[in-house]
Amino acid sequence: MNSITLGKVLKRRPFSPLVTRLVTTLATPLVIEEADGTLLLATEGERAVTCYPVTVQGELIGRVYGDEKASLLASLLSYHAEIELERKHLGNETLHKYREITLLYETADKIPFCMEPREIASFLLEQLRQVITFTSATVLLQDKETGLLEVLLAEGNEYRPGARLEPEGIMGAVWASGKGEIVNDAATDPRFVNRPTTVSSLMCAPLHSKESRIGIVMLTSATQRVYLAEDLKLFTTLASQAAVQMENAALYLQLKAAFYTMVYTLAETIEKRDPYTGNHTKRVMEYSLALGRTLNLSDEQLQRLELAAVLHDIGKIGVRDDILLKQSKLTEDEFQQIMRHPVFGEEIISRIPQLSDIIPGVKHHHERFDGRGYPDGLSGAQIDITARIIAVADSFDAMTTDRPYRKGFPFEEAFEELRKNAGTQFDPEIVEAFFASDVMDAYFTANARLA
Amino acid sequence: MPKILVVDDEPHIRYLLELTLEELEEEGVEVITADNGQAALEIIRDEEPALVFLDVMMPKMSGFDVCNAVKNELELGDVYIVLLTAKGQEFDKQRGQEVGADLYMTKPFNPDDVLAKAREVLKR
Ligand SMILES: [Fe+2]
Numbered sequence: 188m189n190s191i192t193l194g195k196v197l198k199r200r201p202f203s204p205l206v207t208r209l210v211t212t213l214a215t216p217l218v219i220e221e222a223d224g225t226l227l228l229a230t231e232g233e234r235a236v237t238c239y240p241v242t243v244q245g246e247l248i249g250r251v252y253g254d255e256k257a258s259l260l261a262s263l264l265s266y267h268a269e270i271e272l273e274r275k276h277l278g279n280e281t282l283h284k285y286r287e288i289t290l291l292y293e294t295a296d297k298i299p300f301c302m303e304p305r306e307i308a309s310f311l312l313e314q315l316r317q318v319i320t321f322t323s324a325t326v327l328l329q330d331k332e333t334g335l336l337e338v339l340l341a342e343g344n345e346y347r348p349g350a351r352l353e354p355e356g357i358m359g360a361v362w363a364s365g366k367g368e369i370v371n372d373a374a375t376d377p378r379f380v381n382r383p384t385t386v387s388s389l390m391c392a393p394l395h396s397k398e399s400r401i402g403i404v405m406l407t408s409a410t411q412r413v414y415l416a417e418d419l420k421l422f423t424t425l426a427s428q429a430a431v432q433m434e435n436a437a438l439y440l441q442l443k444a445a446f447y448t449m450v451y452t453l454a455e456t457i458e459k460r461d462p463y464t465g466n467h468t469k470r471v472m473e474y475s476l477a478l479g480r481t482l483n484l485s486d487e488q489l490q491r492l493e494l495a496a497v498l499h500d501i502g503k504i505g506v507r508d509d510i511l512l513k514q515s516k517l518t519e520d521e522f523q524q525i526m527r528h529p530v531f532g533e534e535i536i537s538r539i540p541q542l543s544d545i546i547p548g549v550k551h552h553h554e555r556f557d558g559r560g561y562p563d564g565l566s567g568a569q570i571d572i573t574a575r576i577i578a579v580a581d582s583f584d585a586m587t588t589d590r591p592y593r594k595g596f597p598f599e600e601a602f603e604e605l606r607k608n609a610g611t612q613f614d615p616e617i618v619e620a621f622f623a624s625d626v627m628d629a630y631f632t633a634n635a636r637l638a
Numbered sequence: 002m003p004k005i006l007v008v009d010d011e012p013h014i015r016y017l018l019e020l021t022l023e024e025l026e027e028e029g030v031e032v033i034t035a036d037n038g039q040a041a042l043e044i045i046r047d048e049e050p051a052l053v054f055l056d057v058m059m060p061k062m063s064g065f066d067v068c069n070a071v072k073n074e075l076e077l078g079d080v081y082i083v084l085l086t087a088k089g090q091e092f093d094k095q096r097g098q099e100v101g102a103d104l105y106m107t108k109p110f111n112p113d114d115v116l117a118k119a120r121e122v123l124k125r
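Those protein sequence lines, which keep their order, are chains A and B.
Going by the numbering used here, the first residue of the first sequence is number 188, and it counts up by one from there.
Going by the numbering used here, the first residue of the second sequence is number 2, and it counts up by one from there.
Only chain B is shown next, with the shape it has when bound in the complex:
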């Protein structure tokens, strides 16, 4: 069963992403959530989700750090990582590239885009 991991320290963003992805759950996709970088990293290592929506700005371990650990240390290149950044906030695109993120999206996100992206990634 394919898995999607949602990582954000803000509970309402986690919930909104879960709600957006609910349609996929009915099709057999499992949506898991994590509220910090460390927990996210453990879940990614143990469960190898196909897709991760990962908030950049998190206390202690940032989304950049998590992404870097997954792509460059654990070498889990197949895990598709979407970095979530806040609209209006400076986003270091070069850093995003360096840590190997596959895509970045701004918050507030367009639910249609999130769902479309998830379907596309899961189809692979």
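If we strip away everything but chain A, and leave its shape as in the complex, we get:
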């Protein structure tokens, strides 16, 4: 079908004033209409019965009525429409190129922010979908130990992430050669392996990082398609970008793991000063994460929550041993000293730029929902969500574990205490989340075992 109408051809400058002039010069009754009969132009005078078709590539796009001069006009319009159509094809091709180029720029800009291999793979497929038509896609990474290809991400087919495949068939050939392939008629390829998902045409490209081949990507179409060499070229380029990023991400993840280990070690070192709190930090972190998940926090928030929970009491490093470890009742002055630990914590953490976003969680874990906490007397939503969560987790653990001067409460009493203080000390929504969280599951399982 021609995606061009005579109306549009007539409207385009500088052609349209030319036609107007020509019609005036011909000085004869003329009518121009669209293929569907819509009137485009009519001069004064009686409408002639002779009709001359305007066609593009043999297809009718309009009619001119008039005497033999009208035939000249019809030919001219046909000729110009032909050029217009050609121009449109070229234009659309250029736009497709534009789409590809901007896609490459975009990928280069965006990809550094993706850090998990799955995220990178999913970004790759999203990009590919904009320029290549396919119904199913699989991203596979080599498992270094077994040499098998492990499914990282699969869309539109039967593969499950984590499944390990023998490198066989077309996939195996691409994996072995490291060269991408187009198979437009899969059924006739002797290497093709039939699987539950219908595949008529496919393209397969290696994931090449700087030095090595780390996996492959397969795109398939359920209906027959003609993939072109330039499709494969673009596909391979985008796949390589993703591969390089996956390698960078692996390095980043190693670094991140080292950073977390450091943070945990730091927290443990502090905890060792006070032997009675044994594992308090770890439990506060676990309770906090359970609450955070129940409250549907984002991954980014959960990460902040985890680090803030681990480091919430780091400021105690600045409280003298004889006060921190004192077993008898604290004097008012000593209590004031202890109450400074959130601010000490802030001071310590603010020196580590990578941790600046956990400051609210650390500094405000002793604020109260009703504004009567310390150090800033914030209330309600002024207190960062991570701090409100840690407050609940911290109090609950403090209540249920033994201290030098008292035994821990039974869980039931601690539950009661949380409920009683919801809306005053604690954010009621977080207390509610507490009773819906995994913490309760653990409690029920423990009880069931006792019974």
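Please keep in mind that the hints were generated in silico from the structure rather than gathered at the bench.
A couple of the hints might just be wrong.
[Said to hold, decoys possible] If you want a taste of the chain A side facing chain B, the calculated C-beta under 10 Å gives, among others:
hint	residue
1	Arg-200
2	Phe-202
3	Ser-203
4	Thr-207
5	Glu-273
6	Arg-274
7	Gly-278
8	Thr-281
9	Leu-282
10	Ile-288
11	Thr-289
12	Leu-290
13	Gln-317
14	Lys-503
Computed from a prediction, not measured in an experiment: that's the story for all the values here.
The beta-carbon is built from N, C-alpha and C at its ideal position, and this holds for glycine as well.
Use these hints to put chain B with the ligand onto chain A, whose structure you have.
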């Protein structure tokens, strides 16, 4: 009928933008073109298009000048102006802000982005 104005001194860029926006024409949007700043300014004043794609680098009257005249002299704040700059070319973002541009896009542009932006602006 909402209008979109495309301004660029290069005919092929004008044509590619028109082609990109063709879909909208079928929905009743009128796409007008201009090949220089002065003509663009007149069209904006007379026809008040909802959206203008405006090339920055044009001889005589630049896109910055046109934008400044529209936003700060004619005070047509409702006209949404997208400045078009060439990729790799220095683009003075501060200048863009001063003249009141709403957005800038680089050429070659992504047709999907252009179309999405146009739909978004027209919906307002
Ligand atoms: Fe504390």
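Here's how the hints hold up against the structure:
Checking Arg-200/A against chain B: minimum C-beta separation of about 8 Å stays under 10 Å; hint holds. Annotation: Phe-202/A was flagged as interfacial toward chain B, and the flag is violated, the nearest CB pair being 13 Å apart, outside 10 Å. The criterion of a C-beta within 10 Å of any C-beta in chain B is not met by Ser-203/A, whose closest approach is roughly 13 Å, and the hint is violated. Annotation: interface hint on Thr-207/A violated; nearest CB of chain B at approximately 18 Å, more than 10 Å.
Using the Cβ-Cβ criterion of 10 Å, the hint placing Glu-273/A at the interface with chain B is not satisfied: the shortest such distance is roughly 13 Å. Interface restraint check: Arg-274/A against chain B, minimum CB-CB distance 7 Å, threshold 10 Å, status holds. Because the smallest distance between the Cβ of Gly-278/A and any Cβ of chain B comes to about 5 Å, under 10 Å, the interface hint for this residue holds. This hint holds: Thr-281/A has a C-beta 6 Å from the nearest C-beta of chain B, less than the 10 Å allowed.
For Leu-282/A, the shortest C-beta to C-beta distance to chain B is roughly 5 Å, which falls under 10 Å, so the interface hint holds. Taken as an interface hint, Ile-288/A checks out: its beta carbon lies about 5 Å from the nearest beta carbon of chain B, inside 10 Å. Given hint, Thr-289/A at the interface with chain B, holds; its Cβ is 4 Å from that chain's nearest Cβ, closer than 10 Å. Below 10 Å, beta-carbon pairs count as interface contacts, and Leu-290/A has one with chain B at about 7 Å; its hint therefore holds.
Against a cut-off of 10 Å between C-beta atoms, the interface hint on Gln-317/A holds, since the closest Cβ of chain B lies about 7 Å away. The interface hint given for Lys-503/A is broken, as the beta carbon of that residue sits about 47 Å from the closest beta carbon of chain B, more than 10 Å.
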